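Asker: So the chains spell out like this:
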Amino acid sequence: MSASASPASHSETGATPAFQLRLYVAGQTTKSLMAVANLQRICETHLAGQYCIEVIDLTKTPQLAAGDQILAVPTLVRRLPEPIKKIIGDLSNEERVLVGLDIQPVGCDAS
Amino acid sequence: MKKKLPETLPALSKAPTGIEGLDEITGGGLPAGRPTLVCGTAGCGKTMLAMEFLVRGAAQFDEPGVFMMFEENAAELTANVRSLGFDLEKLAVEKKIVLDYVHIERSEIEETGEYDLEGLFIRLGHAIDSIGAKRVVLDTIEALFAGLPNHAVLRAELRRLFRWLKDRGMTAIITGEKGDGNAITRYGLEEYVADCVIILDQRIQEQISTRRLRVLKYRGTAHGTNEYPFLIGAHGFSVLPITSLQLDHRVSTQRILTGIARLDDMLGGQGVYRGSSVLVSGSAGTGKSSIAAKLLETACRRGERALFFAYEESTEQIVRNMRSVDIDLAPWVKKGLLEIHSSRPTLQGLEQHLVVMHDLVRAFRPSVVAVDPISNLTMAYVDAEVKPTLMRLIDFLKKEQVTAIFTSLTSGGEATTSAFEESQVGVSSLMDTWLLLSNVEFTGERNRTIFVRKSRGMAHSNQVREFVLSDKGIDLVDVYLGDDRVLTGSARVAQEAQERAAATLRGEDHQRKLRQLASRRKAIEAQIAALQAEAEAEADEVHFAIAQETLQKKATHQNTDAMAQQRGGATGANGHTIEKR
Chain W
1 MSASASPASH
11 SETGATPAFQ
21 LRLYVAGQTT
31 KSLMAVANLQ
41 RICETHLAGQ
51 YCIEVIDLTK
61 TPQLAAGDQI
71 LAVPTLVRRL
81 PEPIKKIIGD
91 LSNEERVLVG
101 LDIQPVGCDA
111 S
Chain P
1 MKKKLPETLP
11 ALSKAPTGIE
21 GLDEITGGGL
31 PAGRPTLVCG
41 TAGCGKTMLA
51 MEFLVRGAAQ
61 FDEPGVFMMF
71 EENAAELTAN
81 VRSLGFDLEK
91 LAVEKKIVLD
101 YVHIERSEIE
111 ETGEYDLEGL
121 FIRLGHAIDS
131 IGAKRVVLDT
141 IEALFAGLPN
151 HAVLRAELRR
161 LFRWLKDRGM
171 TAIITGEKGD
181 GNAITRYGLE
191 EYVADCVIIL
201 DQRIQEQIST
211 RRLRVLKYRG
221 TAHGTNEYPF
231 LIGAHGFSVL
241 PITSLQLDHR
251 VSTQRILTGI
261 ARLDDMLGGQ
271 GVYRGSSVLV
281 SGSAGTGKSS
291 IAAKLLETAC
301 RRGERALFFA
311 YEESTEQIVR
321 NMRSVDIDLA
331 PWVKKGLLEI
341 HSSRPTLQGL
351 EQHLVVMHDL
361 VRAFRPSVVA
371 VDPISNLTMA
381 YVDAEVKPTL
391 MRLIDFLKKE
401 QVTAIFTSLT
411 SGGEATTSAF
421 EESQVGVSSL
431 MDTWLLLSNV
441 EFTGERNRTI
451 FVRKSRGMAH
461 SNQVREFVLS
471 DKGIDLVDVY
481 LGDDRVLTGS
491 ARVAQEAQER
501 AAATLRGEDH
511 QRKLRQLASR
521 RKAIEAQIAA
531 LQAEAEAEAD
541 EVHFAIAQET
551 LQKKATHQNT
561 DAMAQQRGGA
571 TGANGHTIEK
581 R
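Just so you know, the sequences run in chain order W and P.
So for the first sequence, this note's numbering puts the first residue at 1; every next one is plus one.
So for the second sequence, this note's numbering puts the first residue at 1; every next one is plus one.
Hints in this document: simulated from the structure, not taken from any laboratory.
Some hints here could point you the wrong way.
Said to hold, decoys possible - Residues from chain W shown here face chain P by an in silico Cβ test under 10 Å; the list is partial:
| # | residue |
| --- | --- |
| 1 | 59 |
| 2 | 69 |
| 3 | 90 |
No experiment lies behind these values; they were computed from the predicted model shown.
Where is the CB? At the ideal position from N, CA and C, for every residue including glycine.
Looking at chain W on its own, in the form it has when it is part of the complex:
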């Protein structure tokens, strides 16, 4: 599961996606799996075609933890667009994830 790109990213636009997301987890814990699932769901709902997700398992590549100043896991890092934002936790609260990533929810857009 280390450094694997999400299947839903490049194919639709071809260009560099607007949202580059990186999710740090530690092993296949419940929290990790929850976070990955939640993230994919939220991105598909609100950022279809504009994102790529990189999942990093720190138990396999611990040296990567220092680069993004990771302490808590799971941590979601929004590398693009600038500025860098971090969301810690299993991303179960969709509303707060959207606030954290600075994304206008699709539902609100339409109304």
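Given the structure of chain W, go ahead and fit chain P onto it with the hints provided.
Answerer: Leaving out everything else, chain P in the frame of chain W:
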């Protein structure tokens, strides 16, 4: 880890810190394989202590370490400690130290759902594994409380972290900011780290700051419980006492002369013991510094090194002023035998001064050290603080076999009053020899006197001597005791003149008496002669009378005979003829 340490105590193995003094207080170091909490206010040296523990561990005890910092970044820290002679970059390249800067920006972080701090564990674990670390520093982990909103999670994770460090056998230092009031740390870290707690403290008294260290708690071992002054000097962190806490220094039976002949006489004729401490106390202008300078000069003359800590005068001023009493220090300074170290006592705290002294004594290796005066050093401190500090200095000097002269400006009146004695009570008991200088004011002038108040282990004079400073040097002169008081200066000179006059007068008196006696004898002799002459005259008279009588008798006899013959022997016939018939 457990067996690597030099200490083979079964109870608790310890990891030496290599920090001067700290290992003595803790009886060998921090608890090995356990976390230690170091807390204190901002700027009191927590980071420095932790860093030195790590650097010395890596460099001296072959225990690599991980420094995980939460406040400064690695470049800043490296720069900060480079000034103390720690080359972190080199140690990092040699894989003896890992510096890891953990930074959390609250504004960048959004929190949603459950999480833990496994990322921190992974980072730390990775750093430990990469160099085989035995020591860990977390400085200051409390920064996490500001960065992470969920303190409940954080506390649970910290508990787990310290447990985890223990399980991995890491000797760790966790630093923490002192909390308000009686709280040891702001976020109660002491709850989690219960094995050893060291408190650092910085307080300001009379505008001079002093840093102090105290081992609040050290589970399973005895430790010094006092507050010990410490400082961060040019060679890193050092906790006083640098010297041993026991009274077990070697003593010398060798004596060294003070250079003031009469003073040596007062000290049993041989001066003071090498390595002893001499206190010269007196009120202003009694010549304390001159005695100290003389002792140093004498040491230089013997070819020994001498060190002068002056807290009142600058070097040049001392050299100039001492020349006025025929003590020329300049050639010895030039030769490198004498070093004068002048500074203001308020320049730094008392223990900072002490460490400067330590460093200089260690570097210069003098045989005699003078501190002029200690009373200035103590200006800003209460006696209770000065005594232990001075004791440490004296102990140190004794251990190094350095003879020490301390001058002390006394307050509270003249040497005979009890207030005076009290003003000296703090330090005098530490001294082996105590010379007391005082001023005697009499007949419109003040003169200096000196006496030996005490001198351990040698016969010493009980006499008060006049102490004379002149351009010919220092001399001691016998004083005159008269009218129940000591006479000094011109009163002494007057008394001397008076005594000389009296002596002359007495001499003349004797002469006169002798002359009188002689003439009397002559008179008597004349009388005797007259009497004798009289007697002789009388005797002559008697002889003459006797002779006359004899003559007369003879004459009469002849006459009778003649008459008898003339009468025809009638008379003769009366006698002889009758018989014939």
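Asker: Now look at each hint and say whether the structure bears it out.
Answerer: So, going through the hints one by one against the coordinates:
no. : hint : in the structure
1   : 59   : holds, 7 Å
2   : 69   : holds, 5 Å
3   : 90   : holds, 4 Å
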